[in-house]
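Trainee: Residue strings, one per chain:
There are 2 protein chains.
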Amino acid sequence: MKVTSKKIKFENALSLECGSTLPSFELMFETYGELNKQNSNAVLVCHAFSGNHHAAGESNLDSSIGWWDQMIGPNKAIDTNKYFVVCSNNIGGCGGSSGPTTINPTNEEVYGADFPVVSVVDWVNTQKILMDYLGISKWELVLGGSLGGMQALQWAISYPENINKAGIFAAAAQASTQNIAMNEVARESIRKDENFYDGHYLKNNTKPKKGLKTARMLGHITYLSEEHMDLRFGRKFQDNESKITRDVDFEIENYLQYKGEKFSDAFDANTYILMTKAMDNFDPSSNEDGDLKKALTNIKSKLLIIGFKTDWLFPPKKGKEIQLAAMEAGIKSSFVVLDGKHGHDSFLFMSDRYFKIIRSFIES
Amino acid sequence: MKVTSKKIKFENALSLECGSTLPSFELMFETYGELNKQNSNAVLVCHAFSGNHHAAGESNLDSSIGWWDQMIGPNKAIDTNKYFVVCSNNIGGCGGSSGPTTINPTNEEVYGADFPVVSVVDWVNTQKILMDYLGISKWELVLGGSLGGMQALQWAISYPENINKAGIFAAAAQASTQNIAMNEVARESIRKDENFYDGHYLKNNTKPKKGLKTARMLGHITYLSEEHMDLRFGRKFQDNESKITRDVDFEIENYLQYKGEKFSDAFDANTYILMTKAMDNFDPSSNEDGDLKKALTNIKSKLLIIGFKTDWLFPPKKGKEIQLAAMEAGIKSSFVVLDGKHGHDSFLFMSDRYFKIIRSFIES
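As you go down the protein sequences, you meet chains A and B in turn.
1 is the number of the first residue of the first sequence in our numbering; add one for each residue after it.
1 is the number of the first residue of the second sequence in our numbering; add one for each residue after it.
Since the hints were made in silico from the structure, they are not lab data.
Where hints are given, some of them may not hold.
Using 25 Å as the maximum straight-line C-alpha spacing, the simulated DSS-like pairs for lysine-lysine come out as follows [claimed, not checked]:
{"no.": "1", "chain 1": "B", "residue 1": "K209", "chain 2": "A", "residue 2": "K209"}
{"no.": "2", "chain 1": "B", "residue 1": "K138", "chain 2": "B", "residue 2": "K128"}
{"no.": "3", "chain 1": "A", "residue 1": "K236", "chain 2": "B", "residue 2": "K320"}
{"no.": "4", "chain 1": "A", "residue 1": "K209", "chain 2": "B", "residue 2": "K207"}
Simulated DEER-style distance windows between Cβ atoms [what the hints assert, rightly or not]:
{"no.": "5", "chain 1": "A", "residue 1": "D265", "chain 2": "B", "residue 2": "L324", "range": "39 to 47 Å"}
{"no.": "6", "chain 1": "B", "residue 1": "E241", "chain 2": "A", "residue 2": "N287", "range": "19 to 27 Å"}
{"no.": "7", "chain 1": "B", "residue 1": "D62", "chain 2": "A", "residue 2": "E194", "range": "27 to 35 Å"}
{"no.": "8", "chain 1": "A", "residue 1": "K236", "chain 2": "B", "residue 2": "S40", "range": "38 to 46 Å"}
{"no.": "9", "chain 1": "B", "residue 1": "E241", "chain 2": "A", "residue 2": "G290", "range": "19 to 27 Å"}
{"no.": "10", "chain 1": "B", "residue 1": "E241", "chain 2": "A", "residue 2": "S242", "range": "46 to 54 Å"}
{"no.": "11", "chain 1": "A", "residue 1": "E194", "chain 2": "B", "residue 2": "K138", "range": "49 to 57 Å"}
Think of the CB as a built atom: it goes at the ideal place given N, C-alpha and C, for glycine as much as any other residue.
For reference, chain A alone in the conformation it holds in the complex (with noise of 0.2 Å):
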């Protein structure tokens, strides 16, 4: 399945969460499959934190296949074949949409720094846009996982009546505290990295990339389960010759120095630290006086939650915490657990119970 992306110049503008307001913004996404005429097919998939709008298929671009395309494509979990599938790229991300790299229309410098705190709800806004401009009345599904699975649920809150089902996988209602820690000691890496400038790398002509790198080396450990890590690494050493630094002993320690490398040389350094602050402030309690049963109150839709035994971020508990709130409101909600071998990125595995979960709830 081939596909290219697409971007839309959105001229009016757009007031965030934060307080600021972007004077116009553009918004990158890629479609997958056909609308039908009743428009009763559309489904939209919301990214993680270092994902973008190239979801499924091979890239016209770059050959590069999409993030999710275990998941999305002609007779797979979300069928292509009966479903019309749209993913944009978040702003305030790197993937092409308005974000810390791309141009401020108002002094037509690079954004950088400058680029306003975005927010899970200033995501669904977008989207919101997007759905209109194509001509979407209603989502039969809005899914994804991790910071996807909390867009997935904040549309089923904020767009009660825009939306019949929500597939939040491998998700929070809010992060914990050691979530927000974790995240902290990551951000602290890039702004103390002396090619951070305050966020203003881009107008230096640099980027903090040795910032960016341990940043990626830490989140790493968090996706992967404590048990996957043992089986696949244990305390194998290095064999020299394909050691990427000196410093390095373990392979696990190699492996990470590689992934981190690799990372730091695509992704923005301000989109991690937007990205990883919507995350940690992300909390539909809050306009509730913490209450989550309260939020939940007006959803329409019905909710899948999925959680993987083997993920430490977003631990199973956490999406029953979902569920139970749900079931309090009196919102139509399914908790499964899954084993998923890969901790917090079993999400974007396909099992086959996970097929046959996804299949059941869009075709329910």
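With chain A held as given, fit chain B onto it using these hints.
Mentor: Quick look at chain B alone, frame taken from chain A:
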């Protein structure tokens, strides 16, 4: 209890496990209580990663209280009315013993990155040299938590004739893959600080404080229990007046910023790297094809192994592994799991059960 540290220079060359030799070395240490006529009441306390020789009492120098003062003193679990307690700063440390911040006698320059790689085995060997110097033939008990517990276990293995009992708390016979991974992220943040100069920062009249701060912030998360963090900080916002930096939103972020900053003033970055490497590399089973039972076979001392429920750095299952191997090897051992509110750091804090267990062990 006022205490004065002592420093001894050992003029004989010291061969290290890594193959290097120290031409001479100094040990900084403290003692509490009096050695009895029979030389039968000596106790060795081994410090953890960022600890030092000042384990108990009030320092004559700066009035600071020792890191295990809750454990050691008159009428405490390790009763200095009865026992003669010794604690030395590990070589490679930054508490006064030979290490990266001291002078290399070969060239009269500060060691810096030239200080050789040290190991738990090396530390035990230097403690044995100190033992001989002090005229002690047998420790009634060697004990420690975390990296200190690794030393207590190594004492039982290296010098079976010179130790009656070993207390191994919040420790492991091997660091896990995740432990190594976390330590590598911390080391990466230090090495990539622009003031690191490949470890020769002192010669360049600077210190990699930023990298060391980030490393400690991460370390600190692994020392606390997730439940404790949730209870103490939750998702509370930091009030504006007491924010350490403008980047901080949540209390937990401010707390980590504060702890990291303070630590980076006091600790040495090369020592951080050496100590974490010693922790990662510790593995008594590695000389026996990975068979821990064989590594323990020659032990003659009794082992008391304590794990803490909320410890996710070296969780109780790591202590259980030691006990199972000890049982198979026919070594007398007890394994106790305590609640411990403080995660990995629980070994530092006295409780009724902890007190009783240590008391009955030392007096058994």
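Trainee: Please list, smallest to largest, the hint numbers that this structure does not respect.
Mentor: none
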